[in-house]
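J.: Take a look at the letters that make up each chain.
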Amino acid sequence: MTKRFAAILFAVLLFAASNVLAQDWIRTGTGLGVEKIRLAAPDFKLATSDAQTQSLASTFNTTLWNDLQFAGIFDMVSKSFYPLSIPGAPQDVHLGDWSVPPPNANMLAFGNVGVQGGSINVQGWLYDTKNAQSPQVLGKQYREEASNANARLIAHRFADEIIFRLGGGIAGIAETKIYYVSNRSGSKEIWQMDYDGANPKQLTHTGSIALSPHVSPDGSRVAFSGVTKDGWQIQMYSLELGRLVSFPRFGGDNYSPAWSSDGQNLAFSSSRTGNTEIYSVSAAGGTPRRLTESKAPDTSPIWNPKTNAQIAWVSGRTGLPQIYTMASDGTNAVRVTDQGYAVSPSWSPNGQFLAFAWVRHYGPGEPGASDIYVMDIASKQWVQLTHDGGRNDFPSWSPDGRHIVFQSSRGGHVQIYSMLADGTEVRLLTAGGENTQPNWSFK
Amino acid sequence: MAADVDIFPTEGNLRVPLIGSVALHSVLFALALFGNLIPSGRGESWGGTTGGGGAMSATLVSSIPLPTPPVETQNVLANESKGLAQSQPKETSREEPKAIPIPERETKHKGPRESVQKKPPPKEVAKVEDNKIPFGQGGPVSGPYGSFTSGSTKGGLSFTGGTGDFGSRFGWYVDGVRRKVSENWLKYEVDPRIDAARRVYIYFEVTRSGQPVNIRVEQSSGIPSLDQSAMRALQRIDTFGPLPPEYSGNYVAVEFWFDYRR
Chain U
107 MTKRFAAILF
117 AVLLFAASNV
127 LAQDWIRTGT
137 GLGVEKIRLA
147 APDFKLATSD
157 AQTQSLASTF
167 NTTLWNDLQF
177 AGIFDMVSKS
187 FYPLSIPGAP
197 QDVHLGDWSV
207 PPPNANMLAF
217 GNVGVQGGSI
227 NVQGWLYDTK
237 NAQSPQVLGK
247 QYREEASNAN
257 ARLIAHRFAD
267 EIIFRLGGGI
277 AGIAETKIYY
287 VSNRSGSKEI
297 WQMDYDGANP
307 KQLTHTGSIA
317 LSPHVSPDGS
327 RVAFSGVTKD
337 GWQIQMYSLE
347 LGRLVSFPRF
357 GGDNYSPAWS
367 SDGQNLAFSS
377 SRTGNTEIYS
387 VSAAGGTPRR
397 LTESKAPDTS
407 PIWNPKTNAQ
417 IAWVSGRTGL
427 PQIYTMASDG
437 TNAVRVTDQG
447 YAVSPSWSPN
457 GQFLAFAWVR
467 HYGPGEPGAS
477 DIYVMDIASK
487 QWVQLTHDGG
497 RNDFPSWSPD
507 GRHIVFQSSR
517 GGHVQIYSML
527 ADGTEVRLLT
537 AGGENTQPNW
547 SFK
Chain H
223 MAADVDIFPT
233 EGNLRVPLIG
243 SVALHSVLFA
253 LALFGNLIPS
263 GRGESWGGTT
273 GGGGAMSATL
283 VSSIPLPTPP
293 VETQNVLANE
303 SKGLAQSQPK
313 ETSREEPKAI
323 PIPERETKHK
333 GPRESVQKKP
343 PPKEVAKVED
353 NKIPFGQGGP
363 VSGPYGSFTS
373 GSTKGGLSFT
383 GGTGDFGSRF
393 GWYVDGVRRK
403 VSENWLKYEV
413 DPRIDAARRV
423 YIYFEVTRSG
433 QPVNIRVEQS
443 SGIPSLDQSA
453 MRALQRIDTF
463 GPLPPEYSGN
473 YVAVEFWFDY
483 RR
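These protein sequences, in sequence, are chains U and H. Taking my numbering, the leading residue of the first sequence gets 107, the next gets one more, and so forth. Taking my numbering, the leading residue of the second sequence gets 223, the next gets one more, and so forth.
Honestly, the hints are just simulated from the structure, not real lab data. Please note: incorrect hints may appear among the correct ones.
[Stated by the list, open to error] Straight-line C-alpha distance at most 35 Å; calculated DSBU-like pairs for lysine-lysine: (1) H:Lys409 x U:Lys142; (2) H:Lys409 x U:Lys412; (3) U:Lys486 x U:Lys142; (4) U:Lys246 x U:Lys412; (5) U:Lys486 x U:Lys549; (6) U:Lys307 x U:Lys335; (7) U:Lys412 x U:Lys549; (8) U:Lys549 x U:Lys236; (9) U:Lys335 x U:Lys549; (10) U:Lys246 x U:Lys185; (11) U:Lys185 x U:Lys307; (12) U:Lys486 x H:Lys320; (13) U:Lys549 x H:Lys409; (14) H:Lys409 x U:Lys236; (15) U:Lys185 x U:Lys236.
Small disclaimer: the values here were computed from a predicted structure and weren't measured.
When you get a sec, could you build the whole thing from the sequences and use the hints?
T.: As C-alpha cells, this is what we get:
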C-alpha cells in the first residue's frame, strides 16, 4: 500500500514538474515572462466635471485596465489595495504609499482626463515606485476629438506605450485588428474587429461564401477565398479603398491564401492540376509555382514570418492530416506531428512555435477532442492550451507573440476567443451568428 | 714394582670434570626452563595463538617515514619531471614576488549584495591566495539592481554608460534587462554532470535601439557548456527595447555574471 502510494505520489510530482517546465519554456519563448511586474493603475482623475467627461473617462479607464491586464506581462494590483488619495498629476504622488504593502506595486500608471472645446485631453504618467530619485518612466499627453471611440483609442495608445517600455521592446497589440468570417448578415462574409472584440465591421458583401481571410503585413489588403463563377478563387479586398480589387484567377479550386511577412508572396492551395497542392505566387500576380507533389491533398500553408524561408502546411500523405514543414522552394519536407488529426497551423512571429488544432486520439472509440496546441519546432516539445471546451480550431498568433486567437464551440455556437499563449486569460470576443476562422493582423 | 698399580688417575682428578658437568647441565636446564622468554625471529609469534591479542592493530600515517638519503640523487630515471631529456630535477615553484592584488576585483568584492552571499567555511578561505577572490565572494559588481535568483542559480549585472548613473536613473530599464536575460538563460543547456562552477562573466553592449551587440565571454567559468548557455541567453534576445530617450549616450555596456549550482 505504501509502495503504491509512493508510486502515485511520484507520478503526480513528475507530472507537476513537467508542467512547470512546459510553462517555463513557453513563457520564455513567447515573451510572457516567468516574473510579472506589479502594476497599479488607478482610475484617471477628472480634470473637468461635466457629464461627458465622466462618460469618456469611464470608457478610458475600463479600456486601459483591460489592455494592461490582457498584456500578459503585468500582475495588476487590485484596486481595493490602493491608498485613499489617488494622484491625478505628479505633484499628488506619494510613492511611499504605493511601494509598500498592501499595494506593493513596482509601477504606477496615473493621470487625468478632461474635455475642453470639444476635445478630450488626457495626461498620463508611468512612475517607478521603487526609485524615489527619478521615478518617471513615461509622461504622455493626448488630444483628440471628444468621442467614445477616441477615448478607447487614447487608452490603447497609452497602454501600448507602457507595454513597449516595460515589455522588453515588444510593441503592444491594443491597436491591432482581427479579421474573421461571420454569417450574422445572412451569408459568410469577411469581418474585422478590434483585438478586444469591439467595433465589429463587415468588410465584404459578396452574397455567397467568403472564407479564410488573411491580412497583408502592411494592413492594406485582405486576401480570402470566395466562390465565384470560376469556382473557388483567391480574392483581394482593399482596406484602403473599401472594395474588392482584382487578383489573377487560376484554374481549379483555390483556397487558404497566406501572406509572407515581407508582403512579396502569397502561398495557397490549388487543385489546378487535379490534385490539391501548395503553390506560391507573387503578391502582384504572375504564374504560381508548385511546391508540393503528392497524391494526397496538401492544404493550409503558412509562412515562417521570421525568415519567410519555410512554409508549414497540412498534408494527408500518410493517412490522416498531419502538419509538415518545408523550405519555401518546396524542398526538405519534414513531418511535425506524429499522430491523430492535426490541422490549421499558425507560425509564431518569432518563428519558434507552431500553433495548431490537434485531435491527438482520432478514430472509432477514441473520445478525442480538437484542442489548440503549441509546439516548439526545434525540440518538438508541445503543450496543450485548451482543455475540455468543445471543438477548438483555427488558431492565429498576435503580432507580439504573446496571444492566440481561435474559434471554439465551447459555448454552443462557434465563436471567436483569445487567450495568452500559455492558455490562460481566455476571453470571448464575438457574439451573434457564427464567427469563425480568425486571423490576427501583422501590426 | 708395586702390586697395586693404580690404573686410574688419582682420585682428586675426577672432581673438576664432575663440577663442570653439573654446571653445564644446570645451564642447560635453565635454558630449557626460561628459553621462551628470549625473543626469537621464528616460531608461532606471527599470528599465533600465543600472542598478546586476537587481532593486529594498525595506525594510519600520512607518509612512510623513510630515511632521507644524505645526498640528492641525480639519476634521470628517478627524476619527477615528465621531460624525457631533462637531467636536472625541476625546481619547486616559488611565490611570485611581484604579484599584487587586482584592485578591480577588490571593489566588486565590496558590492552591496555581499551580505546576501554565503560565506565559505574557514578552511576554504585559508587556501585562498591574496590576489584572488574566492568563489562565491565576488558579489555583484555594482548597482541596486544587480542580481537575480532562479532556483539555486544566481546572476547579476552592472551597467556602465553616460555619467555612470544609468542604473540609478533608469532602474526600470536595468530591471527589464535583468528579467529578460534571466528568463532566457536555460539551465538545462549546462552539462548535467556539473554540480557547481566558477562564476562566468559575459560582456555585451546595448545599442540605442535596444539590441545586444558585441556579446563575449569576459571571464570563463572553465566549463564550456556553462559559458555557452550564458552566451546563448544573450543571443536569444532580439531587443531589450530602445534605451530611454532621456539617456544621451549611444550605448550602454553591461557586464552580466552567472553563478551555477545544480
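J.: Has the given pair, Lys549 (chain U) with Lys409 (chain H), been kept, meaning a C-alpha gap of at most 35 Å?
T.: 33 Å, holds
J.: Is Lys335 (chain U) within 35 Å of Lys549 (chain U), Cα to Cα?
T.: Distance ~34 Å between Lys335 (chain U) and Lys549 (chain U) Cα, so the pair holds.
J.: Given the hinted pair Lys246 (chain U) and Lys185 (chain U), is their alpha-carbon gap at most 35 Å?
T.: Roughly 23 Å separates the two Cα atoms, so the pair holds.
J.: Would you mind confirming whether the straight-line C-alpha gap from Lys185 (chain U) to Lys236 (chain U) stays at or under 35 Å?
T.: Answer holds: Lys185 (chain U) to Lys236 (chain U) is near 19 Å, not above 35 Å.
J.: Sort out whether Lys142 (chain U) lies within 35 Å of Lys486 (chain U), counting only the CA atoms.
T.: This hinted pair holds, its Cα atoms lying about 27 Å apart.
J.: With a cut-off of 35 Å on the C-alpha distance, tell me whether Lys549 (chain U) and Lys236 (chain U) pass.
T.: 33 Å, holds
J.: For the pair supplied as a hint, Lys185 (chain U) and Lys307 (chain U), confirm whether the alpha-carbon distance does not exceed 35 Å.
T.: 34 Å, holds
J.: Going straight from one Cα to the other, do Lys412 (chain U) and Lys549 (chain U) come out at no more than 35 Å?
T.: Distance of about 14 Å is within 35 Å: holds.
J.: Compare the distance between the alpha carbons of Lys409 (chain H) and Lys142 (chain U) with 35 Å, and conclude whether the hinted pair is satisfied.
T.: 20 Å, holds
J.: Going straight from one Cα to the other, do Lys486 (chain U) and Lys549 (chain U) come out at no more than 35 Å?
T.: Holds: Lys486 (chain U) and Lys549 (chain U) sit about 28 Å apart, inside 35 Å.
J.: If you draw a straight line from the CA of Lys246 (chain U) to the CA of Lys412 (chain U), is it 35 Å or shorter?
T.: 32 Å, holds
J.: When you check the alpha-carbon spacing of Lys307 (chain U) and Lys335 (chain U), does it fall within 35 Å?
T.: Roughly 26 Å between the alpha carbons, so the hint for Lys307 (chain U) and Lys335 (chain U) holds.
Of the numbered hints stated above, the single one contradicted by the structure is hint 12.
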